[in-house]
Amino acid sequence: MGKRPRTLFDKIWDAHLVDTLDDGTGLIYIDRHLVHEVTSPQAFEGLRLAGRAVRRPGATLAVADHNVPTTDRAGGIKDEESRIQVETLERNAKAAGITYFGMDDDRQGIVHVIGPEQGLTLPGTTIVCGDSHTSTHGAFGALAFGIGTSEVEHVLATQTLLQVRAKNMRIEVTGSLGRGISAKDVILAIIGQIGTAGATGHVVEYAGSVIRGLSIEGRMTVCNMSIEAGARAGLIAPDATTFAYLKGRPMAPKAGAWEAAERFWASLPTDRGAKFNKRVTLNGAAIQPMVTWGTSPQDVLPIGASVPDPADEEDPDKRRSMERSLGYMGLEPGKPLREIRIDKVFIGSCTNARIEDLRAAAGVAKGGKVAKHVQALVVPGSGLVKAQAEAEGLDAVFRAAGFEWREPGCSMCLAMNADRLEPGERCASTSNRNFEGRQGRGGRTHLVGPEMAAAAALAGTLTDVRERIG
Amino acid sequence: MQAFTTLRGVAAPLDMVNVDTDMIIPKQFLKTIERTGLGRGLFYELRTDAKGNKKGDFVLDRPAYRAAKILVAGRNFGCGSSREHAPWALLDAGIRCVIASSFADIFFNNCFKNGILPVILPEETVKAMLKDAENGANAVFSVDLAAQTVTRPDGQTVSFDIDPARKQHLLKGLDDIGLTLEKKRSIDDYEKRQRQEQPWLATR
Ligand code: SF4
Chain A
1 MGKRPRTLFD KIWDAHLVDT LDDGTGLIYI DRHLVHEVTS PQAFEGLRLA
51 GRAVRRPGAT LAVADHNVPT TDRAGGIKDE ESRIQVETLE RNAKAAGITY
101 FGMDDDRQGI VHVIGPEQGL TLPGTTIVCG DSHTSTHGAF GALAFGIGTS
151 EVEHVLATQT LLQVRAKNMR IEVTGSLGRG ISAKDVILAI IGQIGTAGAT
201 GHVVEYAGSV IRGLSIEGRM TVCNMSIEAG ARAGLIAPDA TTFAYLKGRP
251 MAPKAGAWEA AERFWASLPT DRGAKFNKRV TLNGAAIQPM VTWGTSPQDV
301 LPIGASVPDP ADEEDPDKRR SMERSLGYMG LEPGKPLREI RIDKVFIGSC
351 TNARIEDLRA AAGVAKGGKV AKHVQALVVP GSGLVKAQAE AEGLDAVFRA
401 AGFEWREPGC SMCLAMNADR LEPGERCAST SNRNFEGRQG RGGRTHLVGP
451 EMAAAAALAG TLTDVRERIG
Chain B
1 MQAFTTLRGV AAPLDMVNVD TDMIIPKQFL KTIERTGLGR GLFYELRTDA
51 KGNKKGDFVL DRPAYRAAKI LVAGRNFGCG SSREHAPWAL LDAGIRCVIA
101 SSFADIFFNN CFKNGILPVI LPEETVKAML KDAENGANAV FSVDLAAQTV
151 TRPDGQTVSF DIDPARKQHL LKGLDDIGLT LEKKRSIDDY EKRQRQEQPW
201 LATR
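Chains as they are written, first to last, in the numbering used here: chain A, 1 to 470; chain B, 1 to 204.
Keep in mind the hints are simulated off the structure, nothing from the lab. All values reported here derive from a predicted model rather than from experimental measurement. Every residue gets a Cβ at the ideal spot worked out from N, C-alpha and C, and that includes glycine. Treat the hints with care, as some may be off.
In silico contact screen, one side only, chain A against chain B (beta carbon under 10 angstroms); selected entries [unchecked claim]:
(1) D22
(2) T71
(3) T134
(4) Q193
(5) T241
(6) A257
(7) Q288
(8) L301
(9) M416
Residues of chain B clear of chain A, computed beta-carbon distances all greater than 12 angstroms [stated by the list, open to error]:
(10) A3
(11) L30
(12) K54
(13) G56
(14) L60
(15) A86
(16) G94
(17) E197
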């Protein structure tokens, strides 16, 4: 045959190329488009001003997640600006004939949780959303990436995007994970190793026995934070785990089409001998429970470590940024991470608010009590996750341990609603960004996995979850 | 979109690495349904105290830089979220060009959709330009996109690389959507083919 071996990314790219412009830019077809209230109003407005229509409303799904309250919703949204944004989305979606999950719909939730849940996310497809964590959907072997509002408008109008082809990068995690180590620890360890710009310009394919061994939820956690490594997108080859998750989902192929779909999906994995521009390998067995100490996701260390000393850093830029981080975080070099006292715990976000995350956290919380000085929130990723958790009695476990059980949404991941940190407050959070002010002005975020977050809530400090699970 | 051809103006130094989009425009400003007026939120938390009063010491608030059109910054500028509010805020505050040794992908892309030129130069050059930019009102730079050059205050001219397609778009201020709509035939054909090959993807 002599056909050039291709990566999973190459195959999806090639299959979606509608046209190549004279200057080499690709016009690629977009199969699925997710829309939320924060990054879409200006796009719909742009269409209206130009008198343009939405090309394929059926390929688009709209949901409000960033601004919605996570407490009782009977009274609607109190904050006027937030309410206007949500109402604007609803109006825009209806006018264009786009399916919209409203706040009272069971299927409402964080856009990156509901896409997979509905079976909208399928292997080999292209998926975009005006949100950087669209990379989550790569867990299914879909090419999924975040776009700006101008591009949201472009996709609405044309169902395509102008794109410069990204490069291929492969990150392999070999061996197997130790006891108590989660997918979050895997991706934090990867970011710690390659840095927040380590994958800039690349689509990362995660591979190796550790990745293959992860559940689909765990794979989503890994792909979700690809953006924190600078990647354009993350990808994991579809396999039996993927197919089992998808079967029977509302938007997944129905009986009759399923066999053909599965055959096609099985042809997607990277060919032997395909070329990657960059390769990184991590030993899975060496990965520890991870926690961030600074204000960038790359400021991450195993829980057994201590706050690093900027004086040991040779690069002056890095030293200055470390000093700034530690000042903001209110931490002294040399302090053991496990002695850091926390005020709040947030279990939620598109990184870690799926059913498996809640099961894992509840497993740690069971029978314990949240420390007196700690407020702990559990915010399910969607209405369906919430219902499932309640059917399994997880809400009761959390409540009995003193956690608050909330309505689904982005919540304290970015604090656009009422859930936020006060200045100086410190939080163990399962979200994905620890930037200055991310969870509230002056708030201090330590990124961890769901088990580590639950353990921290009980201990009242950052702690090693492995000591709690015996 | 506003075209970008040449630009002459004061450059403000922002000597920080990994400037993220939460820093450029914090979330409380994302609740708008407009594209304009975001300048008031630009670097809000660096510029104000806890009560929201301007501190006055942030570089863009110092008299010499109030009319700055260019920002010189540390590596990995614009990392974080996809919010186009970040370039909108820069634009609204009069910044048309950002110079750094590297940018995060989505922010970089968003700049081109809004007539902002992100210039990538080697780390040492950016360091030297940060020094130049510290000279207050004398820190006048000239940028020429067609020639792909930045002229420093001392007259020295530095060349930069840029993707030719992106360059043309900026120079002409092209409407991407309008151009793509001209490809309607190819898009129709593509959809027809996809319906045959992957019928399970068909929707309205
Ligand atoms: S949960 Fe956080 S990161 Fe995810 S989409 Fe919502 S705001 Fe963005």
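Against the structure, the hints:
1. D22: 9 angstroms, holds
2. T71: The hint is violated - A:T71 has no Cβ within 10 angstroms of chain B, the shortest such distance being about 18 angstroms.
3. T134: Interface hint status for A:T134: holds (8 angstroms vs cutoff 10 angstroms).
4. Q193: Violated: closest Cβ of chain B sits about 16 angstroms from A:Q193, beyond 10 angstroms.
5. T241: Violated, because the Cβ-Cβ distance from A:T241 to chain B comes to roughly 19 angstroms (cut-off 10 angstroms).
6. A257: 4 angstroms, holds
7. Q288: 24 angstroms, violated
8. L301: Violated, about 18 angstroms.
9. M416: Since the shortest Cβ distance to chain B is 5 angstroms, the answer is holds.
10. A3: Nearest chain A Cβ is 15 angstroms from B:A3, so the label holds.
11. L30: It is violated; B:L30 is separated from chain A by about 5 angstroms at its closest Cβ, not greater than 12 angstroms.
12. K54: Fine: 15 angstroms to the nearest Cβ keeps B:K54 off the interface.
13. G56: 19 angstroms, holds
14. L60: B:L60 is indeed farther than 12 angstroms from all Cβ atoms of chain A, at 17 angstroms.
15. A86: 9 angstroms, violated
16. G94: Consistent with the label, B:G94 stays out of reach of chain A, its closest Cβ about 20 angstroms off (over 12 angstroms).
17. E197: Given that some Cβ of chain A is not farther than 12 angstroms from that of B:E197, nearest at about 8 angstroms, it is violated.
Hint check: violations occur at hints 2, 4, 5, 7, 8, 11, 15 and 17; the rest are consistent with the structure.
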